[in-house]
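Undergrad: Following the hints, put chain B in place on chain A, whose structure we already have.
Taken in order, these protein sequences are the chains called A and B.
Each residue of the first sequence is one higher than the one before, starting from 1 at the first, in this note's numbering.
Each residue of the second sequence is one higher than the one before, starting from 1 at the first, in this note's numbering.
Each statement offered as a hint is correct.
With a Cα cut of at most 20 Å, we get these calculated SDA-like pairs of lysine to any residue:
1. B:Lys270 x A:Thr48
2. B:Lys104 x B:Asp374
3. B:Lys153 x B:Val53
4. B:Lys104 x B:Arg122
5. B:Lys13 x A:Phe102
6. B:Lys13 x A:Asp101
7. B:Lys270 x A:Leu49
8. B:Lys270 x A:Phe46
9. B:Lys13 x A:Ala104
10. B:Lys153 x B:Arg114
11. B:Lys133 x B:Gly74
12. B:Lys153 x B:Ser140
13. B:Lys153 x B:Val75
14. A:Lys43 x B:Asp259
15. B:Lys104 x B:Gln185
16. B:Lys153 x B:Ala100
17. B:Lys153 x B:Asn173
18. B:Lys133 x B:Arg91
19. B:Lys104 x B:Asn55
20. B:Lys141 x B:Gly74
21. B:Lys153 x B:Ile110
22. B:Lys153 x B:Val178
23. B:Lys13 x A:Pro103
24. B:Lys133 x B:Ala85
25. B:Lys13 x A:Pro100
26. B:Lys141 x B:Arg122
27. B:Lys104 x B:Ser115
Stretch by stretch, here's where chain B covers chain A in the computed footprint (C-beta under 8 Å, at least three residues):
28. 25 to 35
29. 45 to 52
30. 89 to 102
31. 113 to 119
32. 235 to 243
Computed far set for chain B versus chain A, every beta-carbon distance over 10 Å:
33. Ser12
34. Ser76
35. Arg126
36. Arg135
37. Ser155
38. Arg194
39. Leu204
40. Gln272
If you are wondering where the hints come from, they were derived from the structure by calculation, not from laboratory data.
Glycine residues also receive a C-beta, built at the ideal position from the N, C-alpha and C atoms.
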Amino acid sequence: MWLPSYATRAERLPRIFVVAFAVAVMLFLIAPLFIVVPLSFSKDPFFTLPVQEYSLRWYADFFGNARWMNAIVNSTITAVLTTVLATTLGTLAALGISRPDFPARRLIMALLISPMIVPVVIVAVGSYLFFGQFGLTNTRTGLVLAHTALAAPFVVITVTATLSTYDTNLTRAALSLGASPLSTFFRVTLPSILPGVVSGGIFAFAISFDEVVVALFMTAAEQRTLPVQMFSGIRDQINPTIMAAATLLLGLSILLFIALTLLTRQRPKSSM
Amino acid sequence: MTAAVIANIDVSKAVRRAEQPARRAALSLALPLIAFLMIVFVVPILYLLTTAVANPEVRQVLPRTLVALESWDGVSVSDEPIYDALAVDLRAAQNDSTAALLGKRLNYEISGMRSRVLTAARMVERVESGPYKERFLGLSKDWASPAVWTIIKRSGSAFTPYYLLRALDLQQNLDASVGRVAGDQAVFVDILGRTFYIAALVTLLTLILGYPVAYVLTIAPRGIAAVMMLMVLLPLWTSLLVRTTAWVVLLQSNGVINDVLLSLHLVSEKVQLIFTRVGTVTAMTHIQLPFTILPIYSVMRSISTTQLRAARSLGAPPLAAFWRIYAPQTLPGVVAGCLMTFILSLGYYITPALVGGSRDQMVSNFIADFINRDLNWGLASGLGVVLLVATLVVYVAFLRLVGGADKIKLG
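Here chain A stands alone, though its shape is the one from the complex (with noise of 0.2 Å):
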């Protein structure tokens, strides 16, 4: 098993037990996810294996339910003004930091990942706080700058990894043969780097759609996020709608995750 030909046969055993290790902490990584899935299209309202009866009405149930369809919609107008504005700033705050000439890069960077390294109820608590005081909450304008405070750094990582390939000199020739900065960045950087800025923006995506604690705090009922409404949903009494949610966000990662796992395929050594 993936052994070099002079390996003993006490080299051997052990790599068999590593391996067969690792397949088992693989099922345990793997299997969690998709036992939603046939307990979704169950016809009992309780979670038993193998499922007896097949049915669709949980999936009816939720989208004849007004508030899941109504946390559906929150979420999904959430995440699109947080991707658009995370990944905005983020692409400008990378293509800074990637030039050679950026002062304090470090502490920059580590002031620009920090939302990553904050814990998140610190973040909630504070913007619950802190927001309160000019009426952002319970408002879609404050979960969404939260959100987007969230969710920047991952574009900023993203776009700083894309532009560690870019060529530089591709813009030095652009403006050097009469380009204007802006239309050279258009016509010429960004194009080059779309992958990276994209695969930030599907981070962006993800991670507010995703995106409980913040939510919590920052919604009443009318900004409730899907998230959020799947969490009450668990906390009260957990029934197979919240199955069939579940199954359909599984759905919506791995969608996301091929898009991203396309957009970086040419870059095997990409960092995120």
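TA: Okay, now just chain B, sitting in the frame of chain A:
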């Protein structure tokens, strides 16, 4: 230009001056995001810090009483003018409905103060004029207690260490020394310890489970490695709530895990898994595993396998070759992965809230409860500061040991 003139030019200074426009241009690109994060992220956190030490209630509600208390010696039972000032303040408070606020604040330090304040506020509404001392004492003998007056006087300052101390199970005694709070109220050190313990346990488990996976990822043939990588990255992409929902279902008493355990005759009756420490740690380990695997993998990938072969050919037994040649080189990845998981685990909220029992709730859960349920923003902020400081300490260690935060690899 003569040689003397040239010698007078400070070259490095001149170079720096020449670079100024470029530096400014580079910085100005990052400026929108820096400004945005300052306003939307940094300032709210600073606001949280000030909330942790803000002490507005007594200052706002009892301005006259505080003035009257300035000359109080702090020992004897207070005299008439102080009670009169208190009566005037409380009457105003009753009108502005701020008496409850004051009662709540004083109740943090002396239990029973809420009802005493509210009763007194209703009393001064009925009694138009003084003297008030006897009337206050008629309501409660505590109004003669120096302790009560000491607390009121002390709570009159704009800032208080009360919430920060409380978050560490400490309090200011009447003589202003710092001591531990009574045993039955000392809960927060316990909660902090539990948070660190769970985070450390999860980190250890992800390392034990993740290290071999990272290793197999590096030795597997290309195709298999790609499939394995997919299996590591997909959970990372799956909604946190989907993963948590899955664990809620798996861990239920009549859930899948219990079914399996029963059918394998590993247990004779259903075991309680959900709302237990085992359940919380299992779910958290599952969620954090990719964060530990990926940094270790990215370091392992750069270690040349010929080194192991060289060690073997020089006569090292397999295990020794692994421990002495390979493992030490993976250390940067191990440190990065473990610190990342530890930092993220410290801030867990959702998973303990849904999968854990009351004994598994972490600092974040209590912060949320103090905001939403108890409306004690000061204590929520105090706990928040403690959590933030703990996280930043680990983060600084991370930066020292790993380099920049931008080295974090998520796939």
